[in-house]
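There are 2 protein chains.
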Amino acid sequence: MLKTISAWFRSENRAQPGQKRGEAQVSASAHHWYFNKRPKDVIEADTLVLREDPIPALKQGELLVRTLYMSLDATNRVWMSDWDTYMDPLPLGSRMLGFVLGEVAESRNPAFPQGSLVTGLGTWSDYFVTDGVGYVPFPKPEGVPLADAFGILSVAGPTAYVGLLEIGKPKPGDTVVVTAAAGAVGALVGQIAKLHGCRVVGVAGSEDKCRWLTDELGFDAAIDYRKENVLDALKREAPNGIDVHFENVGGEQLDAGLTLMNDGGRVVICGLISTYNSSEPVPGPYMFRNVIMKRLTIQGFVILDYAEHFAEYNAKLVEWMRTGKLKYRLHIVDGLKNARDALGLLYTGGNNGKLMVRIGKESA
Amino acid sequence: MLKTISAWFRSENRAQPGQKRGEAQVSASAHHWYFNKRPKDVIEADTLVLREDPIPALKQGELLVRTLYMSLDATNRVWMSDWDTYMDPLPLGSRMLGFVLGEVAESRNPAFPQGSLVTGLGTWSDYFVTDGVGYVPFPKPEGVPLADAFGILSVAGPTAYVGLLEIGKPKPGDTVVVTAAAGAVGALVGQIAKLHGCRVVGVAGSEDKCRWLTDELGFDAAIDYRKENVLDALKREAPNGIDVHFENVGGEQLDAGLTLMNDGGRVVICGLISTYNSSEPVPGPYMFRNVIMKRLTIQGFVILDYAEHFAEYNAKLVEWMRTGKLKYRLHIVDGLKNARDALGLLYTGGNNGKLMVRIGKESA
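So the protein lines, in turn, are chains E and S.
When we follow full-length UniProt numbering, the leftmost residue of the first sequence carries the number 1, and every step to the right adds one.
When we follow full-length UniProt numbering, the leftmost residue of the second sequence carries the number 1, and every step to the right adds one.
Bear in mind the hints are in silico, worked out from the structure with no lab data behind them.
Pairwise CB distance ranges (calculated):
#1 Asp305(E) to Asp88(S): 39 to 45 Å
#2 Gly241(S) to Lys40(E): 27 to 33 Å
#3 Pro283(E) to Asp232(S): 18 to 24 Å
#4 Pro281(S) to Ile332(E): 40 to 46 Å
#5 Lys40(E) to Asp232(S): 21 to 27 Å
Beyond 10 Å from chain S on every Cβ pair, some chain E residues (computed):
#6 Glu62
#7 Pro91
#8 Gly93
#9 Asp215
#10 Asp220
#11 Asp232
#12 Leu330
#13 Leu345
No residue lacks a Cβ here, since even glycine has one placed at the ideal position from N, Cα and C.
Make the full structure from the sequences, and use the hints.
Rendered as structure tokens:
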């Protein structure tokens with residue numbers, strides 16, 4: 001998968017010859033965010049810059065995509081680092097990557113007819129040209145609005161599904177703890193765990209978020225990490241210990257969970273967002289010894305590895321969405337030009353629900 | 001298992017009434033090491049003290065064991081800490097615990113006839129009385145000396161077997177790295193991995209040990225961590241990355257392994273001996289993020305959990321021992337009185353092979 005993405009990525013970022021576009025063009029130029037400067041810690045104004053380029057004419061096999069929505073995800077920051085991660089580091093000067101939903105504006109590729117919806121790991125652009133490699137048609141489910149379908153089904157939903165059910169393997173009656181619980185993935189993890197008969201405790205960063213988790217989403221308890229010590233609060237809210245700990249944050253919250261794990265517990269490492277803005281080595285969990293003492297399995301995953309199973313997971317997720325069993329909030333920021341600042345919200349907890357950028361209007 | 005051991009342990013350490021022994025007594029008194037002072041870091045002279053107690057008369061169901069050998073294992077230090085570990089902390093004033101092999105000197109328990117061999121988690125004693133709970137007969141295998149059979153089959157062998165084959169799950173052609181490779185467990189892990197067609201790299205603490213690993217045991221490479229940077233050396237000796245990392249030490253060696261793991265690799269946490277002598281919180285691995293980036297599974301285990309499968313593992317191990325496929329060294333210290341100082345060798349790397357104490361002579 002690493003190689004697939006990297007190969008695709010290289011072809012996507014290849015030098016674009018300054019060809020003139022044909023008569024059918026929908027726009028003479030496109031706007032793209034370029035990766036300008038590798039961030040030392042937080043993303044700054046000059047980390048990404050917005051530029052306008054002419055749209056080249058389509059060659060045989062290519063399509064022009066008009067972006068409708070872009071998903072902003074914590075892992076975007078990982079791609080900017082020069083760590084050895086699950087992808088080659090994003091080269092400076094290339095277009096910033098993100099998961100996108102678009103409409104085919106023009107096509108010389110029969111797999112993607114004009115007017116159809118397409119999704120994949122794309123670039124931060126209002127229009128872009130691709131040969132279609134790495135993209136798939138987006139099957140809009142009946143009875144779910146397009147923004148909701150893309151926001152939940154493109155990354156967050158499959159991530160919650162795989163991480164909790166295939167890696168965490170909760171049994172009815174288990175206690176499941178999830179951090180960044182009001183985030184896009186966390187909120188789904190908690191609800192799916194409830195659907196499987198677990199006691200669910202969420203950790204989030206405000207009273208409002210905590211209230212939302214318990215009052216709207218049915219979490220058994222929610223802990224505001226800004227207000228109280230997470231370890232103390234978990235001792236109270238997980239009195240029988242933790243069987244599955246679903247980690248999105250890392251640092252002290254992970255340590256608190258490790259401290260209270262039951263024998264044979266599963267620790268799912270989905271994200272370590274508290275460490276992504278650091279260029280210095282970050283110590284691992286201080287309670288690491290509990291991997292022995294409590295016979296734990298700590299397993300990390302990257303959702304891209306599971307792409308071929310998305311249809312199967314999403315069928316389940318759509319059913320739960322339609323029947324009101326999965327609730328969620330979308331935090332939609334309008335306009336490609338606001339994408340960089342919007343991304344920053346993920347690292348301050350400033351977003352309120354699944355973070356997305358609306359770039360183009362859906363066709364009627 | 002935790003509860004079984006703890007319950008057994010409590011009964012073993014109950015107050016012993018000062019009864020006089022009957023006529024059949026083989027010795028009027030026994031020597032025991034008592035846990036005297038919880039160590040802050042290293043084990044000191046007053047951590048354990050040797051005392052003599054009268055041997056009580058046997059009640060119905062009890063047996064008197066004359067200890068022949070005691071196994072010294074890194075996990076002994078864990079039992080002395082007041083951390084939340086896999087066992088209740090050893091109470092001050094109780095007899096020190098260890099895996100022992102003994103001969104039944106007297107018996108009022110038909111499951112353990114006089115003269116038979118018995119093994120289990122016992123106390124650091126030359127003679128001790130037990131009701132037999134937690135003990136099993138020791139089936140001395142044909143063609144293997146008693147010291148070798150006890151030294152390899154009581155703890156180290158099953159640990160290597162379970163950790164490597166059931167948790168590490170190596171495939172032929174995989175690169176397996178093992179730390180404390182010249183230790184009792186590590187040396188077996190490497191050889192079992194070779195028997196399964198892997199490339200094996202060991203990390204050890206002297207030139208002599210490294211030479212033993214490559215020249216005698218058939219390791220593909222050995223790294224002397226006192227002489228060179230382990231990460232640099234692993235880059236050279238594991239040029240295709242690491243598929244299974246078997247950790248006995250923790251700290252920098254674990255970090256070096258994590259850095260070079262291949263996608264989907266398994267990290268077996270058998271021991272973290274570099275951290276056991278610390279009373280302060282110890283940071284976890286700095287490359288912990290690789291659990292995501294490389295989609296790792298990090299799993300810890302405690303060999304006591306697998307006790308019911310020992311017969312099955314040991315049948316395999318004995319076959320390999322008899323046919324010369326498993327080589328090992330025993331480091332036997334003579335005399336119960338030297339047990340405390342001998343234990344210290346494990347934390348300085350001063351032992352040379354499986355560390356044991358010879359307490360009593362085998363009957364002819």
